[in-house]
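Trainee: Chain order of the listed sequences is W and X. No gaps in the numbering here: position 182 of the first sequence is 182 in the working numbering, and each next residue is one more. All you need for the working numbering is the position in the second sequence, starting with 1, plus 407.
None of these hints come from the bench; they were simulated from the model. All residues carry an ideal CB built from backbone N, CA and C; glycine is no exception. Just to be clear, a hint being listed does not mean it is correct.
Unchecked claim - For the chain X half of the interface with chain W, some residues (derived, Cβ under 10 Å), not all of them: (1) Ala599; (2) Gln627; (3) Ile657; (4) Ala659; (5) Ser677; (6) Trp688; (7) Gly730.
To be verified - Quick look at which bits of chain X chain W covers, simulated, 3 or more residues with Cβ under 8 Å: (8) 457-470; (9) 544-558; (10) 602-611; (11) 641-648; (12) 661-669; (13) 733-741; (14) 758-770.
Number of protein chains: 2
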Amino acid sequence: MSAQLHELIATFASFGATSDGGVCRLTGSAEDAAARNLLGLEIGRRRLRLHVDPIGNMFGIADLAPHTRETVLVGSHLDSQPTGGRFDGSYGVLAGLLAVEAVMSRAAARQIRPKCNLALVNWTNEEGARFQPSLTGSSVFAGNLALDDALALADGNGVGLGQALDAIGHRGVSPPAIDPVRYVELHVEQGARLEQSGDEIGAVTAAWAACKLSLIFQGQPSHTGPMPMASRRDALRAAARAIELHYRLIEASATGAHASAARITSFPNSPNVTPSRVQVWFEFRHEVEATAVQLAENFLIEVQAAVRPLGVSMEIATDERRGTALLDPEGVALTLSVARDLGYSAIEMKTVAGHDALALQKRVPASLIFVPSRDGLSHNAAEFTEAAALDKGLAVLTETLWRLVTR
Amino acid sequence: MSAQLHELIATFASFGATSDGGVCRLTGSAEDAAARNLLGLEIGRRRLRLHVDPIGNMFGIADLAPHTRETVLVGSHLDSQPTGGRFDGSYGVLAGLLAVEAVMSRAAARQIRPKCNLALVNWTNEEGARFQPSLTGSSVFAGNLALDDALALADGNGVGLGQALDAIGHRGVSPPAIDPVRYVELHVEQGARLEQSGDEIGAVTAAWAACKLSLIFQGQPSHTGPMPMASRRDALRAAARAIELHYRLIEASATGAHASAARITSFPNSPNVTPSRVQVWFEFRHEVEATAVQLAENFLIEVQAAVRPLGVSMEIATDERRGTALLDPEGVALTLSVARDLGYSAIEMKTVAGHDALALQKRVPASLIFVPSRDGLSHNAAEFTEAAALDKGLAVLTETLWRLVTR
């Protein structure tokens, strides 16, 4: 058992620890700063070069092949949901740190000169809990999101991401001087697929499509007492109707889609004022991109009609569409063969959740490796993976990186 | 036209002025402090004695009858809704100030010795926008709410009312040394009854009953991606279903009840976490107390059953019931006779909205006098009453106070 891995996971879980054993470590918070600062120390202690880029992504670079800038990246994220567990993200960063260290030691012990460099990464704001959209740091690095747009993202209180990174001293000035050639990410599954099949390692081949809409319902403020019911233009009543409609359509579609309405803001949010402006964040996820899109489009048509009789108008505030993404097939084959060689049972599978690996795949071939999650529970303090299963993931990650830098 | 009244209203509307011409002056805010401080100056300028009690109620006492502690109170509130207008509350306080001044002048001019004293009051947190329940200061003064409970009320960010009053220097140490014998409040109607009948003055006889419930829906946080739909326990989905049900029941009852679900808080409120804890504030108002109670009770039974299939439990966080309240009939008769003597058309009417006069009536006989509101619109920046109508209300208030202190 890798005592070091489990100690690191426990230590990092103390930053933002909640009373129920979970973690609340929002991007740019004091807890995030504490976790980042310790990661910086751990990076330095292993003689990796620390570099923070303009969107706060932290790199720990192992200069294994000084003749080239070609670099294999490995990592995940240290930010969490408000109701996060201790493995989501942190596991990939901390196992990545130990895997990089192990590759360095192995190269030294065997006196082998790797063909390229290796760098650990902690991506900024993967969760999208405080700032939307999610996968922020990895999307900027991959070139899918403009730096200025990312820095300007505002949280629910109007604080910008750039401002938040400045406040914790984690806003760098330049990208790292590396040429990324591959990305590998190890993560807990957050679903129950591996648990159900009894397999130890998941090699992720592709991601479900997701349509993420946030809608603003606009009514009119009035007194909740004397104003006649028929004269009210109630934006929260409209939002409730929209949420009900959204679930009704998903169920009626019988497509197996996953959908949610998980964030809501209401103004003025006083018990005695008819709500005049309510925003709701909806998600539609499906394995087939056309299905996710059609569900979202149908909803948009029906919701307009559903809220109009309430005197409430609707506008689309954000409309983010993530197509189904294929991860690099060579990476999948490598994960499967490494797992097989180490004696672990491994399967191909898809991910429903978004991951930094999906953002990276748009720039370099990327691999995503899963280990089982108990009951598929995630974004929950009770999120859990057995120590032995975490160790197997670390072993697969280390061997994968070794092969990538030496082949 | 009382230029002084309209200047005062315009001046006070600048504290918390919003870009659409409305007012946002929440209890204990910097804007509330500014309005309170100017009221203190205006009280002193008229040689009234300023006194702030332990819940922040501000008194401006005219010692017209030094031989007795008996005092007629007149007032309303300076706090507003986030989307408030410039008349709701402020009108009653500022007209009250001028009425007290006018009574003092008249007594001096006619060399009449009033039989009791007169005091202007600005009640704390009438609106219940920042701290719930509403009518806080008047309820403490009337003995309907314990001071410690009121001071401990917390806003949405966990700041206590006592703490907020301390922060603006408006938490006094003792009640004023007066024996209240009557309370008179002048207010804009906030409904369309007077506008429809074409009358100038409303003498309020009674208030509708109100049942105010806040319910907590408790589910379980999970990832909005991979977690199977059937395994989710979604508190926001339950809340939306409850809000829809609530309006369906109100419409089906065909009782003419007024109802609302106007405030909602959701935790963790991240787009990617199934909401685990959602609180919604519901109101049921009806002229007949039994009807309001029955609507609330029916809802409580049905909502339990409606959300259970979602794996979401429900608990009652607050359950505030305000019976129909009769205002002092002598006060109604006095308002009607004063209005008649001044040549204004006046009618008896009920109030749907809560007012400090209703809290006061539990301790001393109270009167509530309405002037028309355009389109019945209130808690809205467009709230409006004609200057001439405001003047008529001031004339009725002044004459009413004169008769009360000299009869």
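Trainee: The structure should be examined with respect to each hint, and the outcome stated for every one.
Mentor: Here is what the structure says about each hint:
1. Ala599: Given a least distance of 8 Å, the restraint on Ala599 (chain X) holds.
2. Gln627: holds, 7 Å
3. Ile657: holds, 7 Å
4. Ala659: Nearest chain W Cβ about 13 Å off; hint violated.
5. Ser677: Since chain W brings a Cβ to about 4 Å from Ser677 (chain X), closer than 10 Å, the hint holds.
6. Trp688: The hint holds - Trp688 (chain X) has a Cβ within 10 Å of chain W, the shortest such distance being about 4 Å.
7. Gly730: This interface hint is violated because 15 Å lies over the 10 Å limit.
8. 457-470: This one is violated; 0 residues, fewer than the three required, reach chain W with a Cβ under 8 Å.
9. 544-558: It is violated: at least three residues are needed, and the region 544-558 of chain X offers just 0 whose Cβ sits closer than 8 Å to chain W.
10. 602-611: violated (count 0)
11. 641-648: holds (count 6)
12. 661-669: holds (count 5)
13. 733-741: violated (count 0)
14. 758-770: Coverage by chain W holds here, the residue count being 4 at a Cβ distance below 8 Å.
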